[in-house]
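**Student:** Chain E is already provided as a structure; the job is to place chain H on it using the hints.
If you read the sequences in order, they're chains E and H. Numbering follows this note's numbering, in which position 42 of the first sequence is assigned residue number 42; successive positions increment by one, without gaps. Numbering follows this note's numbering, in which position 14 of the second sequence is assigned residue number 14; successive positions increment by one, without gaps.
If you're looking for bench data, these hints aren't it; they were derived computationally from the structure. Idealized CB from N, CA, C, for every residue including glycine. Mixed in with the good hints, there may be bad ones.
[What the hints assert, rightly or not] No farther apart than 27 Å at their CA atoms in a straight line, the calculated lysine-lysine pairs in the DSS-like style are these:
1) E:Lys159 with H:Lys52
2) E:Lys202 with E:Lys100
3) E:Lys12 with H:Lys23
4) E:Lys230 with E:Lys203
[Unchecked claim] Partial selection, computed: residues in chain H whose CB lies under 10 Å from chain E:
5) Cys2
6) Tyr4
7) Arg5
8) Trp21
9) Lys23
10) Ala27
11) Asp36
12) Leu40
13) Asp46
14) Pro64
15) Glu65
16) Gln69
17) Leu70
18) Ile74
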Amino acid sequence: MDSITADTISIKGHGGDTLEAYLATPLGQGSFGGVVVIHHMPGYDRPTKEITRRFAAEGYIAICPNLYSREAPGADPDDAAARVRALGGVPDDRLVGDVKGAIDYMKSLPISNGKVATIGYCSGGRQSFLAACSLELDCAVDCYGAFVVGTPPEGMPLKVGPIVHLTPNLSCPLLGLFGAEDQYPTPEQVDELEAKLKENGKKYEFHRYEGAGHAFFSTDRPSFRPEAAKDGWEKIFDFFGRYLANS
Amino acid sequence: MCTYRTSIIEIEASAKGPRGWIKTDRASIYFDHPVDAPALHTLNIDFMNLAKAPSDRVAIEMNPESARQLALAILETLEQDSLVELV
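Pulled out of the complex, with its shape left as it was, chain E reads as follows (with noise of 0.2 Å):
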């Protein structure tokens, strides 16, 4: 039932710029839902991929545009998170247009059952909630993204800002996983996205976890947290059984 194929391809994203993209796909019949995968700003590297290849082994078309694809092609992920860094990050419109352009081709998958989520990891929260208050989507999943709320230091040359003034315009329901030790966003910054979402009557999920920091489901480093990771997947996929499914 997990067998996937997994491989890269080019899509169309923002004004309409050619992108590379990873795509995994799960074999077999049917029909799937959709999951753009948003890379953290180390960039698409290899545990984005991994992520991206989990989600089609548990039966969902996963897509994760490479947002430095026009700045570095081809270069390896480290070089290519230090030039899109070093030339002001990634913009909110263009973001919006490559996760737009990730949605449009699972759409044209004939296995798409026409529903379609994002999740992003660290700066790739924030993201996510920002294509979900962009786009129309079926669910969205921000774990542990800054700068949703919070302003960032005076001066700083990336180019991101708060963005909880977008929630009025959230298209469906959110999921939200942090790390109660997070230093960002703070758990007061969770708090005050939390209330936003309720004073405008959005449907939303937040779920913090003790003992738990910043990219706690990042495997590969010091801060994961294998108990808040385990019970993270199982919320999220519990989270898109409930709005990806087929009708």
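**Tutor:** Then chain H, alone, in the frame of chain E:
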């Protein structure tokens, strides 16, 4: 991770990378997640030249105390009066 805390400065420097010497024109200095160092956050510096390939880069990820020692050592070295005229 993802503190985004970054400074970018223009520099005149040469750095030695995997393919030889690179004339670099900027440095990104940031306190954020490392790629390789076994720490949650490190002080990272990328020496690069945007006119060259992304792989033409010299990178370092340091623990904060090492970074402070490096910064102090650089300043201490430069602040010796007798050296200024040698530039």
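**Student:** If you take the shortest Cβ to Cβ gap from Glu65 of chain H to chain E, is it below 10 Å?
**Tutor:** With Cβ-Cβ at 17 Å, over 10 Å, it is violated.
**Student:** Going by Cβ atoms only, is Asp36 of chain H closer than 10 Å to chain E?
**Tutor:** 8 Å, holds
**Student:** Does Tyr4 of chain H hold up as a contact with chain E if the rule is Cβ-Cβ below 10 Å?
**Tutor:** 5 Å, holds
**Student:** Hint validation: Asp46 of chain H versus chain E, beta carbon distance must be below 10 Å. Holds or violated?
**Tutor:** 4 Å, holds
**Student:** Please check whether Leu40 of chain H passes as an interface residue: C-beta within 10 Å of a C-beta belonging to chain E.
**Tutor:** Result: holds, 5 Å to nearest chain E Cβ.
**Student:** Grab the minimum C-beta distance from Ile74 of chain H to chain E and call the hint holds if it beats 10 Å, violated otherwise.
**Tutor:** Given a least distance of 21 Å, the restraint on Ile74 of chain H is violated.
**Student:** Please check whether Ala27 of chain H passes as an interface residue: C-beta within 10 Å of a C-beta belonging to chain E.
**Tutor:** Constraint on Ala27 of chain H satisfied, holds at 9 Å.
**Student:** Within 27 Å, alpha carbon to alpha carbon, are Lys12 of chain E and Lys23 of chain H?
**Tutor:** Violated - the C-alpha atoms of Lys23 of chain H and Lys12 of chain E are around 35 Å apart, more than 27 Å.
**Student:** So if I understand the rule, the pair passes when the alpha-carbon distance is 27 Å or less; does Lys230 of chain E with Lys203 of chain E pass?
**Tutor:** Holds, because 23 Å separates the two Cα atoms, which is no more than 27 Å.
**Student:** Using 10 Å as the Cβ threshold, decide whether Trp21 of chain H counts as touching chain E.
**Tutor:** 17 Å, violated
**Student:** Keeping to a limit of 27 Å between CA atoms, is the pair of Lys159 of chain E and Lys52 of chain H held or broken?
**Tutor:** Cα-Cα ~23 Å, so holds.
**Student:** With 10 Å as the cut and Cβ atoms as the points, is Gln69 of chain H at the interface with chain E?
**Tutor:** 22 Å, violated
When held up to the earlier numbered hints, the structure conflicts with 3, 8, 9, 14, 15, 16, 17 and 18 and fits the remainder.
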